[in-house]
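Going from the sequence shown to the numbering used here is simple: count from 1 and add 2.
Honestly, the hints are just simulated from the structure, not real lab data.
Incorrect hints may have been included.
[Unchecked claim] With a straight-line Cα cutoff of 25 Å, these simulated DSS-like cross-link-like pairs (lysine-lysine) come out:
1) Lys466 x Lys445
2) Lys478 x Lys460
3) Lys270 x Lys306
4) Lys312 x Lys547
5) Lys91 x Lys128
6) Lys249 x Lys460
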Amino acid sequence: MRDLTSLVTMSKIEPQLNLSLPSHEILKPTGRLDAPIQIVDLFAGPGGLGEGFSSSGEGKHFEIVVSAEKDPKAWQTLRLRAFYRLLQKRQDPALLREYYYYCNNPALETFSPSAATQALWDAAGKEAQCITLGSETGNQTLDEALDDRLDVQRPWVLIGGPPCQAYSVVGRARNQANANYRAEEDHRHFLYKEYLRIIRERQPTVFVMENVKGIISSKVNNERIFSNILKDLSDPQEALHLGGVGKQYRIYSLVTGDSFGPGDDVEKVDPRTFIIRAEKFGIPQARHRVILLGIATDSLPSSKNLVKLKTSEAMVTVGQVLKNLPRLRSSLTKVTDSRDAWTDTVIQQAKYLREQVRLSDIKMSISLGDVIARFDAPSSPGGKRVERVPGDGSTGDPDLDNWYLKNDLRYWLNHEARGHMPTDLRRYLFAAVYAGIHGISPKGHKGFSLEGLAPDHKNWESGKFSDRFRVQAEDKPATTITSHISKDGHYFIHYDPSQCRSLSVREAARIQTFPDDYFFQGNRTEQFHQVGNAVPPLLAAGIAKVVFRILFDKVARYDNPLE
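Construct the entire structure; sequences and hints are all you get.
If you want it as structure tokens, here you go:
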């Protein structure tokens, strides 16, 4: 662990913007810092992992000095959030109101800073940079940013997740269908080496690397990618064949505390121990991801228990985080849309389904009759901003409410339903009513066996599309929010039959645990893509607590270092 006096040095931008925190002792017995720990976030997406870290300790434990993302729309989201954090640091309500003025003004399509905040907006652009890692220009830009903004004499943390398409099971299936595909020629398999290069050259005290579960079974040239990644990350100097002396790392599981380090036999490692099942840690989603925690061998914790994430006492469900959001209806596609037309269409579909149910052995006729008799259509499909009313959005859990809800926010952001064809409304209505009765979504061609439910797809009964239509059950965590939600919403059907639609971006963002004032930029498809690719910020906040605990384990002991 570096000498504590190094912690008193602030980042390079703060003196220029007069953002310095008050001067105190270097480390107080309560564990408070004068200088937050530096964070570099690579492959940042819209910033889910960074949001969790930057929220830790009421924003005082960590600060992001550089974040890099290549997608222009995700970068716009990333920069806007960086700007929000800089406004918070100033602790000037008048400046922070400028961010909320943008959130609360339906007439504003894009954000433009005022003269009072232009310097902060420029600083946000230096922190959050649109960079294509792996390209010569992108790597040069990143190196220049790190030279300018990262103080390697202070402890710092590298976070991020290289693109996962080449590792995911779905992505590999698509690749195998391409006769010309060669895994060894797919640059996405090796983007983690850009991450590795930064570790070797800049030597963080800790790193956190996230990826899809499919990485543990992915192979190139008949070698397991995951085994090679573990070996490379434990000894970056050796991995890149560059010689010299540099830090080595031990790679920990945040679930079991088990680890792999230089010289260990990688064949004895159970890759599954590195899989985090998010629903066990208070996330309303069964998101299973590989997360590696690397700690420099000169800063190892005194006990493996220090690296373990704390499991949640109660499971958080879809209904808990969505039930008090404004109800929406979808719009109708390919026909004239209105609330009355949509209502008539849904009731027609309900009557059609009731007749089909009576001819089958499916027990849902009474429930469909209730839908028809009591149908109350939401007033609108929503939009980029939907007005809030008092009490909107409460989860019933004070800690979750404190995480999600923001008093200054007068509108729900990114809360707009897709348009759906009448045939899809029929499927969504059937699935939602079925799930309400049975507690699970109907599945595949056997679950959607009624006349008129099968989509026009020649392979529908092949078994390959068993999850094409799926309700996110009210009393369970959601299935994994993925980037595929940007293509269609069939796999993300709302549990409420009276809404008869797929999820909105805001609902997907809530399941991913983004705070309600996190404003996703771009069009709706681009917003969905950002949300689907992100790390849940609340899970990241838990990981940040672990990292903070590790960094100060050797420095001081006190009752509760995380408060």
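Cross-check of the supplied hints:
The straight-line distance between the Cα atoms of Lys466 and Lys445 is roughly 11 Å, inside the 25 Å bound, and the hint therefore holds. A hinted pair counts as satisfied when its Cα atoms are at most 25 Å apart, and Lys478 with Lys460 does not qualify at roughly 32 Å. In summary, the hint linking Lys270 to Lys306 is supported, as the alpha carbons are separated by about 18 Å, within the 25 Å threshold. Annotation: proposed proximity of Lys312 to Lys547 holds, straight-line Cα distance about 10 Å (limit 25 Å).
For the given pair, Lys91 sits about 16 Å from Lys128 by alpha-carbon distance, which is consistent with the 25 Å threshold. Note on Lys249 and Lys460: the hinted pairing is violated, with a Cα-Cα distance of about 56 Å set against a maximum of 25 Å.
In the structure shown, a violation is registered for the earlier hints numbered 2, 6, in ascending order.
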